[in-house]
Amino acid sequence: MNTLLKQKKVDNKTSVKPDIKENNQTKSEAAMDKNVFEVNNLNLWYGNDQALYEINMNVPQNKVTAIIGPSGCGKSTYLKTLNRMVEMVPIVKTSGSIQYNGEDIFSDKHSVEGLRTKVGMVFQKPNPFPKSIYDNIAYGPRIHGVKKKAVLDQIVEKSLRDAAIWDEVKDRLDENAFGLSGGQQQRVCIARALAIEPDVILMDEPTSALDPISTLKVEELVQELKKKYSIIIVTHNMQQAARISDKTAFFLNGELIEFADTDHLFSNPTDKRTEDYISGRFG
Amino acid sequence: MPTREHFSEELEKLKTDIRELAEDTKQALVIAIEALHNRDVKKAKQIIEDDHLIDEKEEDINEKVMILIAKQQPVATDLRRLIIAIKITNDLERMADHAKNISKATIHLGEDHPISIHPGIREMADVAFNMVDIAQKAFMLEDISFAQKLSEMDDIIDEKYGKMIRELLELTANNPDQIQYLMQMAYSARYIERFADHITNIGEEIFFLVKGRTYDLNE
Numbered sequence: 001m002n003t004l005l006k007q008k009k010v011d012n013k014t015s016v017k018p019d020i021k022e023n024n025q026t027k028s029e030a031a032m033d034k035n036v037f038e039v040n041n042l043n044l045w046y047g048n049d050q051a052l053y054e055i056n057m058n059v060p061q062n063k064v065t066a067i068i069g070p071s072g073c074g075k076s077t078y079l080k081t082l083n084r085m086v087e088m089v090p091i092v093k094t095s096g097s098i099q100y101n102g103e104d105i106f107s108d109k110h111s112v113e114g115l116r117t118k119v120g121m122v123f124q125k126p127n128p129f130p131k132s133i134y135d136n137i138a139y140g141p142r143i144h145g146v147k148k149k150a151v152l153d154q155i156v157e158k159s160l161r162d163a164a165i166w167d168e169v170k171d172r173l174d175e176n177a178f179g180l181s182g183g184q185q186q187r188v189c190i191a192r193a194l195a196i197e198p199d200v201i202l203m204d205e206p207t208s209a210l211d212p213i214s215t216l217k218v219e220e221l222v223q224e225l226k227k228k229y230s231i232i233i234v235t236h237n238m239q240q241a242a243r244i245s246d247k248t249a250f251f252l253n254g255e256l257i258e259f260a261d262t263d264h265l266f267s268n269p270t271d272k273r274t275e276d277y278i279s280g281r282f283g
Numbered sequence: 284m285p286t287r288e289h290f291s292e293e294l295e296k297l298k299t300d301i302r303e304l305a306e307d308t309k310q311a312l313v314i315a316i317e318a319l320h321n322r323d324v325k326k327a328k329q330i331i332e333d334d335h336l337i338d339e340k341e342e343d344i345n346e347k348v349m350i351l352i353a354k355q356q357p358v359a360t361d362l363r364r365l366i367i368a369i370k371i372t373n374d375l376e377r378m379a380d381h382a383k384n385i386s387k388a389t390i391h392l393g394e395d396h397p398i399s400i401h402p403g404i405r406e407m408a409d410v411a412f413n414m415v416d417i418a419q420k421a422f423m424l425e426d427i428s429f430a431q432k433l434s435e436m437d438d439i440i441d442e443k444y445g446k447m448i449r450e451l452l453e454l455t456a457n458n459p460d461q462i463q464y465l466m467q468m469a470y471s472a473r474y475i476e477r478f479a480d481h482i483t484n485i486g487e488e489i490f491f492l493v494k495g496r497t498y499d500l501n502e
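So the protein sequences, as listed, match chains A and B.
Mapping of the first sequence onto the numbering used here: position 223 corresponds to residue 223, and the numbering continues sequentially without gaps.
Take any residue in the second sequence, count from 1 to its spot, add 283: that is its number in the numbering used here.
Just to be clear, a hint being listed does not mean it is correct.
Subject to a maximum C-alpha distance of 30 Å in a straight line, what follows is the list of computed DSS-like cross-link-like pairs (lysine-lysine) [as the list claims (entries may be wrong)]:
#  : chain 1 : residue 1 : chain 2 : residue 2
1  : A       : Lys93     : A       : Lys170
2  : A       : Lys272    : B       : Lys383
3  : A       : Lys272    : B       : Lys420
4  : A       : Lys217    : B       : Lys354
5  : B       : Lys354    : B       : Lys432
6  : A       : Lys63     : A       : Lys148
7  : B       : Lys354    : A       : Lys125
8  : A       : Lys272    : B       : Lys296
9  : A       : Lys170    : A       : Lys217
10 : B       : Lys347    : A       : Lys272
11 : A       : Lys63     : B       : Lys494
12 : A       : Lys158    : A       : Lys227
13 : A       : Lys158    : A       : Lys147
14 : B       : Lys347    : B       : Lys296
15 : A       : Lys80     : A       : Lys118
16 : B       : Lys432    : A       : Lys34
17 : A       : Lys158    : A       : Lys148
18 : B       : Lys383    : B       : Lys296
19 : B       : Lys354    : A       : Lys272
20 : A       : Lys170    : A       : Lys227
21 : B       : Lys494    : B       : Lys370
22 : B       : Lys420    : B       : Lys432
23 : A       : Lys80     : A       : Lys109
24 : B       : Lys328    : B       : Lys494
25 : B       : Lys432    : B       : Lys298
26 : A       : Lys272    : B       : Lys370
27 : A       : Lys63     : A       : Lys109
28 : B       : Lys446    : B       : Lys296
29 : A       : Lys34     : A       : Lys63
30 : B       : Lys432    : A       : Lys272
31 : A       : Lys170    : A       : Lys228
32 : A       : Lys226    : A       : Lys80
33 : A       : Lys109    : A       : Lys34
None of these hints come from the bench; they were simulated from the model.
Looking at chain A on its own, in the form it has when it is part of the complex (with noise of 0.2 Å):
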């Protein structure tokens, strides 16, 4: 036999190149890929401190993107800057450029308000409104004009059971979302999300106020949700990441490290900080 090395050719062993740094994305799967956001060259400072350094990543649409890495790497600062919330921080300034579904979002001819109704987003710990579960699910639908009750209760069993807690608070619609347990609430502000029909929900770190049951119904939620929505999730937790998603983008000091399928990432990383960090071996 040559000293060189033969590859097999059965299903189960690899038949490409021994070369481990080829994109793991093939050229046609790429094609096939819709995105719902992309993003050049990003920059964004707070004041004078950089916190995002020329990102350029691309979110696919209907999949779940995990966005992992540890605290202060701007994570949580690129996830709010896609539906622009990071500009409530006054010193915040951005260069480069987003679009969403084709259209730049710092156009003049797009409110925040508008993006914001597509882009919803969820937050680490459960906020509902000190209102009425049913309310909490009406309020964006009446602020956006609905005002018929029959509309109105449309909406909030639809939102209610696509988040996967209607069977749980149907009998109490009138009681104070307060009552609910964090798990609870937090799968109420995911329906109260999904009222005003929003196509991208934005989480940050959605689950680590929940126990480790609520979280897996909130995974569970995520991987239906994905079938009508694109998800974009920043979480601590890398076995989450591992678990929900489809895509992870693995960020350090502002930088996107490595932006690649999940199944590749966590199993076999390019990038040594990506494996250093995913292994627990950092610092």
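Since chain A is already given, all that's left is putting chain B on it; use the hints.
Coordinates of chain B only, in the frame set by chain A:
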């Protein structure tokens, strides 16, 4: 303090366990080949009797790996390290079985058989011993250049095996009364050839560890 120091220590211990098992397996073959040459039925029986010790070590390593996976939830290279630990251990256990099979052939031949041991047996075994040493280096250093050497050495064994079988077939034709003995010789050669295939598998497993992809060194 470096992160996951405890886990790293556990991985090192596991490596040491596997290297010891590889050494035991090699010794089993060394003794089996000596017993075959010396018509030492007693020693051959001892190899068979002691095989359970290797089986127990295999089980022990597999259990440790399972506990580490459950408790440490490894990913990427760490996960591959643990997966190949199970596979290598399984290969080593099968290699020891082949030493046991050679010992069975020694027992079948008995102390008074009329044939001399074919020199190809010693030649193949010497290459196989060398392969175990190189596999250990490849494993401990996680170095694929050593692993690649195993593929070349396996080819040498295959060649020697083919040559020996052809010669044994000729001997069989000329000495039909010795067929039962010559068959045991051919079996023994086959067991060494299989032993070497398992070492080559270990080379593949080290490739998988380092590259994250599967390669075939056995073709």
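Here's how the hints hold up against the structure:
1. A:Lys93 with A:Lys170: violated (45 Å)
2. A:Lys272 with B:Lys383: violated (44 Å)
3. A:Lys272 with B:Lys420: Roughly 24 Å between the alpha carbons, so the hint for A:Lys272 and B:Lys420 holds.
4. A:Lys217 with B:Lys354: holds (23 Å)
5. B:Lys354 with B:Lys432: violated (35 Å)
6. A:Lys63 with A:Lys148: violated (34 Å)
7. B:Lys354 with A:Lys125: holds (28 Å)
8. A:Lys272 with B:Lys296: holds (24 Å)
9. A:Lys170 with A:Lys217: Holds, because 18 Å separates the two Cα atoms, which is no more than 30 Å.
10. B:Lys347 with A:Lys272: holds (27 Å)
11. A:Lys63 with B:Lys494: holds (28 Å)
12. A:Lys158 with A:Lys227: holds (15 Å)
13. A:Lys158 with A:Lys147: Cα-Cα ~17 Å, so holds.
14. B:Lys347 with B:Lys296: holds (10 Å)
15. A:Lys80 with A:Lys118: holds (14 Å)
16. B:Lys432 with A:Lys34: Not OK: B:Lys432 and A:Lys34 at ~46 Å, beyond 30 Å, violated.
17. A:Lys158 with A:Lys148: holds (16 Å)
18. B:Lys383 with B:Lys296: Status holds; Cα separation ~27 Å.
19. B:Lys354 with A:Lys272: Holds, because 24 Å separates the two Cα atoms, which is no more than 30 Å.
20. A:Lys170 with A:Lys227: The given pair, whose Cα atoms are some 24 Å apart, holds under the 30 Å limit.
21. B:Lys494 with B:Lys370: Judged against 30 Å, a Cα distance of about 16 Å means the pair holds.
22. B:Lys420 with B:Lys432: holds (11 Å)
23. A:Lys80 with A:Lys109: Holds, at roughly 20 Å.
24. B:Lys328 with B:Lys494: violated (42 Å)
25. B:Lys432 with B:Lys298: holds (21 Å)
26. A:Lys272 with B:Lys370: holds (25 Å)
27. A:Lys63 with A:Lys109: holds (28 Å)
28. B:Lys446 with B:Lys296: Violated: B:Lys446 and B:Lys296 sit about 42 Å apart, past 30 Å.
29. A:Lys34 with A:Lys63: OK: A:Lys34 and A:Lys63 at ~10 Å, within 30 Å.
30. B:Lys432 with A:Lys272: holds (27 Å)
31. A:Lys170 with A:Lys228: The hint holds at about 23 Å.
32. A:Lys226 with A:Lys80: Holds. A:Lys226 to A:Lys80 sits at ~20 Å (cutoff 30 Å).
33. A:Lys109 with A:Lys34: Between A:Lys109 and A:Lys34 the Cα gap is close to 23 Å, so the pair holds against 30 Å.
In terms of the numbered hints stated before, the structure departs from hints 1, 2, 5, 6, 16, 24 and 28, listed from lowest to highest.
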